[in-house]
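K.L.:
Chain by chain, the residues run as shown.
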Amino acid sequence: MCTQKPPNDYSKQLYERYKEALDDYIKSVVVPSLKGKHGEFLLRELVGRWKNHKVMVRWLSRFFHYLDRYYVSRKLLLPLNELGQSCFHDLVFKELKTTLTLTLIDMIDAEREGQLIDRALVKDVIDIYVEIGWGSLGLYEGDFEQDFLNSTTDYYSKKAQAWIVEDSCPEYLLKAEECLQKEKERVGHYLHSKTETKLLEDSLLELISRRAEQILNKENSGCRVLLLDGKTEDLSRMCRLFSRVEDGLFQLSKVFKEHVNEEGMSLLKSATDAANSKNERKEIVGALDQDFVRKVIELHDKQQSYVINCFQNNTVFHKAIKEAFEIICNKEVAGCTSAESLATFCDNILRKGGSEKLGDEALEETLEKVVTILTYISDRDLFVEFHRKKLGKRLLFDKSVNDEHERSLLSKLKQYFGGQLTSKMEGMLGDMTRARDQQANFDEYMSQITESNPRVDFSVTVLTAGRWPTYKSSNINLPSEMIKCVEAFKNYYDSKEKCKKLSWLYSMGNCNIVAKFDTKPIELIVTTYQAALLLLFNGADRLSYSEIVTQLNLPDDDALRLLHSLSCAKYKILNKEPLNRTISPNDIFLFNHKFTDKMRRIKVPLPPTDEKKKVVEDVNKDRRFSIDAAIVRIMKSRKVMGHQQLVVECVEQLSRMFKPDVKLIKRRIEDLISREYLERDLETTNSYRYLA
Amino acid sequence: MYFLASLLNRIIFSLVILRFLTSDFMMDLGLLPERDADMIMVEGTSQLCNDLLVDPQDVVMLVISWHMKAATMCEFTRQEFFDGLQSIGVDSIEKLREKLPSLRAEIKDDHKFREIYNFAFAWAREKGQKSLALETAIGMWRLLFDGRHWPLIDHWCQFLQVKHNKAISRDTWSQLLEFVKTIDPQLTNYDEEGAWPYLIDEFVEYLTENGCVQRRK
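Keeping their order, the protein sequence lines are chains A and B.
In terms of my numbering, the first sequence has 52 at position 52, counting the first letter as 1, and numbering is strictly consecutive.
In terms of my numbering, the second sequence has 705 at position 13, counting the first letter as 1, and numbering is strictly consecutive.
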C-alpha cells in the first residue's frame, strides 16, 4: 500500500491508523486494568503492561517496517517505535506519574527505615521512566528525580534533627556515614547512576553542612573533646565526612586551631605560674623552662600525629598548627626567651652528663624535633648565638657526647635556615678536629726535646678567632710549671706557622692537680685559674686576699668567684678566716690539710658567669649591622624606593634570622641618611634615594 | 639715553663697592681693627647690631646671614659680607637699616622661609659638628616659628628636653618643617607608617600619651 504512487499511496492513512489502533488498545485494555490499583499492585501491573506494550510495538513496527523506512523518514515523523511509546506515555504514564513517584518514594523511605522492599520492582519502574523518555533522562529527572531528592532532603533533615539532639558526636557521625553508604548502594540497586552525585550531595548537605556547627561543638563529645581524648578513629571519620562538604574542612580546622591554641596557652600559663611561685631557687627555675620545652615538643608531636593520621595531612591543618605554635613559641617563660630555653635543651641532650640521656636514634629524632620547633621561633639568631656559646663550652671542656650528633644538628639547621647561621659553628668543630690531629704531632715533638720539656702532661687547642665566641681572659701570672708548657708550645707552633699569632685564653683551660691532704692525696679537677691559685699555696701556708690578687694579677670579680668556689662551696679545699660564706678583701686563706672525701678524684666546679645579657647585647648589635646591610643592599639595586616598601622587603630578607622591629628599621634608615648612604627623595614623599 | 643712564648707574654702584673696600669705610663701621682683618667676629657682629639698632636675637640677623651665605653664626668673612650686602642691594648701614622691615617680611614668604630654615641648621651648628646642639636648636625653633604660629612649638620643646636630651640631626631638622607644614595640630593626618624620623614618631606618641591630642588608633 505504500509503494504505490498517489492517490493510491495510503502511507499517511496507514500511519494514522497505526496510531489509532494503539491508542484504542491502550484505552480499552491497559487503562482499565490499572484503574483502581494502588501501591505495589499498581506498580506491578504497570510494569507488566509496559512489557507487553513494548513487545507489541516491536512486532507491529516490524510489520510496517517499510512504512518506517520510507514514509516516516521522508516526512520526518516519529518512527513507529517511538510513536508506540508516546501513545503509552500520553495515555497511561502521564496520568499516573505523580502517583507512581509517590509510591516509589514511599517504598524507598520504607527501605531506609529498615524494611525490605521489592528492589527489582522499583528498578523496573524506574527503567520505565528512562525508556519512556526515549533514552534521554528528561522524564526521569523531571518526574522522578527531583521529587525523590526533595523527599530525601526532608527525610534526612528530620532524622538529623533528632539524632543531633540524642546522639553524641561520634555516634552521629557513624550514623551519617552509614546513611551515605546505604544511599550509594541504593543507586547501585535501582536508581540511575546519574543520581548518585546529587543524592550524596543533598544528603551530605542535610547531615553535615547544615549541622556542622552543632556537630563540632557538641557538649561533652564535640570535636574539642575528641581531640583531648585522642579519639583518632572518630576524628578520621569526622575529617572524611567534612572533607566532602564545602568549607567543611575549613570549619574543622578552625576548631582544631582553637584547640591547639588553648593547649599551648595553658602550657604557658602553668609554666609561668610555676615560675612565679618559685622564683627564689634558681635551679628549679632552670628546670622549669626545660620542662616547658619538653612539653611543647610533646604537644607538637601529638598535634602533628592528629594531622597526619586523622586529618589526611591536609595543609589547612598544618597551617593551623603553624599559626598556633608561632604564638606559643615566641613567649617568654620563667624569664627566658624560648630561644634560650631551646638552646639549653640542646645543651642538655648533647652534653655528657646532661640531664637527658638518650640513645643515638632517640637523640637524632629529638634533634629533628628541636629544629622543627625552631621554625616557629622568630628570634633564630638568638638561639644560634646561645647555642654557639654552649657549643664552645662543650667542645673546650670535652663535654660533647658525640661529634657526629653535633654535626648532624648543624646540618639540619643549615638545611632549614641557610648556611649563614651555621658557618661559624662548623668552623668550631673543624678547629677541634684539627687540634686533635695537631696534638699528635705536638706530642711527638715533645718526646724529642729534652731540656725545655716541662714534664707535665698537657694539651693545647688552637682556635681560629672569629669563629668562636669571644672569651675574656686576663693576663694571669701562671705558676712556673705552666709557663714552661706555654713556652714549649709557643716554640713548636712558631716553627710550624710563621705568620700566625697566638693569644692565650687561660680562663678556658682546665687542670688535673693532685693535692696531698693529711688523710690521702686526692686528684682535683679544676680550671686553670683555680689550679694557679692553689699552686700558690705550695709556697705559703697562709695568704691574704690582696696577696692572692697581686701575685696572680687577677681582676676582683674573678678572684671572688675563684675563692668562693674553693672555700665556700661544696668542697672546702681552702679554709677561710673569718668563717662565713662571703668573700671580702680582708679575708685570709689557708690550705685545708684536713680535707678529705671518699672519692679519689673530685671535680671542683667553678660556676659560670651569667652570659645571658652579653649574648642578647651581641645579638642586638649584629642585628643592627644586618639591618643596615639589608637596607643598603635593597636600595643599591632599586635606587629609589618608598618607605613602606623598603620596610617590607627588609623584614622579608631578614625573616630567616629574626623578626626585625619596624621602629628599629626606621632608626637605621635615619642613621644611614646621616651617614650619607641614602637621602630622602625630594620628588616623591616618603621615598628614599640611594647615594652611590 | 637710557643705555647711558644704566651704564652710569653701574659705574656709580661699582664705585660704591670700591668705597666699601677701603679701610676708611670699614673703620667708619668700627669693624677694624680686629685681630683677623678679613673676618667679622662676635664683637664685630654685636657692633653691627648696635649700628643697625636691632637686638642680636632678632630674626632679621638670620635673614641677613642667609643673604650673606654665612657659614657660621656670628662670623662673617669679607667675601660673605660684601656679597651679601650686594644681594640685599644696599651700600650703606643706613640703607641696610631702612631695609630691615622688608628683610623681616621675607620670613613670611613660604619659599624663602624654607630656604632660610634649612640654611639655619648648618649656620647655627658648632664648627666641626655634624648635629645641632639641643639648646641652640630650641632657640632657633622658637625664633623661626614665633611668627608662624605653630601651636605645638611649646610641646615640642618640652618633649625634647624631657625625652630626648641629645643633639638634633639634619634629617630631623628638615623633616620638622614638613611636619609643621603638612600635619594639623590635632595630628589627624599623621601616618605613623610613613617615613617620618624616629624622633617625630616619638613626639606624636608623647602627645597622645599626655592627652594633648586624641588620636584614633
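Because the hints were derived from the structure by calculation, they are not lab data.
Don't take each hint at face value.
[To be verified] Taking lysine-lysine pairs in the DSBU-like style, the calculated list, with each CA pair at most 35 Å apart, reads: (1) B/LYS791 / A/LYS663; (2) A/LYS621 / B/LYS804; (3) A/LYS498 / A/LYS484; (4) A/LYS663 / B/LYS804; (5) B/LYS800 / A/LYS636; (6) B/LYS858 / A/LYS612; (7) B/LYS804 / A/LYS636; (8) A/LYS182 / A/LYS269; (9) A/LYS613 / B/LYS855; (10) A/LYS198 / A/LYS412.
Since the structure is predicted, the reported quantities are computational estimates derived from the model, not experimental observations.
K.L.:
Does each hint hold? Answer for all of them.
P.N.:
Status of each hint after checking the structure:
Only pairs whose Cα atoms come within 35 Å are accepted, and B/LYS791 paired with A/LYS663 is rejected, the gap being roughly 48 Å. Our distance criterion of 35 Å between C-alpha atoms is broken by A/LYS621 and B/LYS804, whose separation comes to about 43 Å. Note on A/LYS498 and A/LYS484: the hinted pairing holds, with a Cα-Cα distance of about 21 Å set against a maximum of 35 Å. For a cut-off of 35 Å, the pair hint linking A/LYS663 to B/LYS804 stands: about 34 Å separates their Cα positions.
Taken as a hint, the B/LYS800 and A/LYS636 pair is broken in the structure, with Cα atoms around 40 Å apart against an allowance of 35 Å. At most 35 Å may separate the alpha-carbon atoms for a hinted pair to count; B/LYS858 and A/LYS612 meet this at roughly 30 Å. Simply put, B/LYS804 and A/LYS636 have alpha-carbon atoms about 34 Å apart, close enough for the 35 Å limit, and the pair holds. Distance restraint check for A/LYS182 and A/LYS269: the Cα-Cα separation of roughly 48 Å exceeds the 35 Å cut-off, and the hinted pair is therefore not satisfied.
For the given pair, A/LYS613 sits about 25 Å from B/LYS855 by alpha-carbon distance, which is consistent with the 35 Å threshold. Only pairs whose Cα atoms come within 35 Å are accepted, and A/LYS198 paired with A/LYS412 is rejected, the gap being roughly 50 Å.
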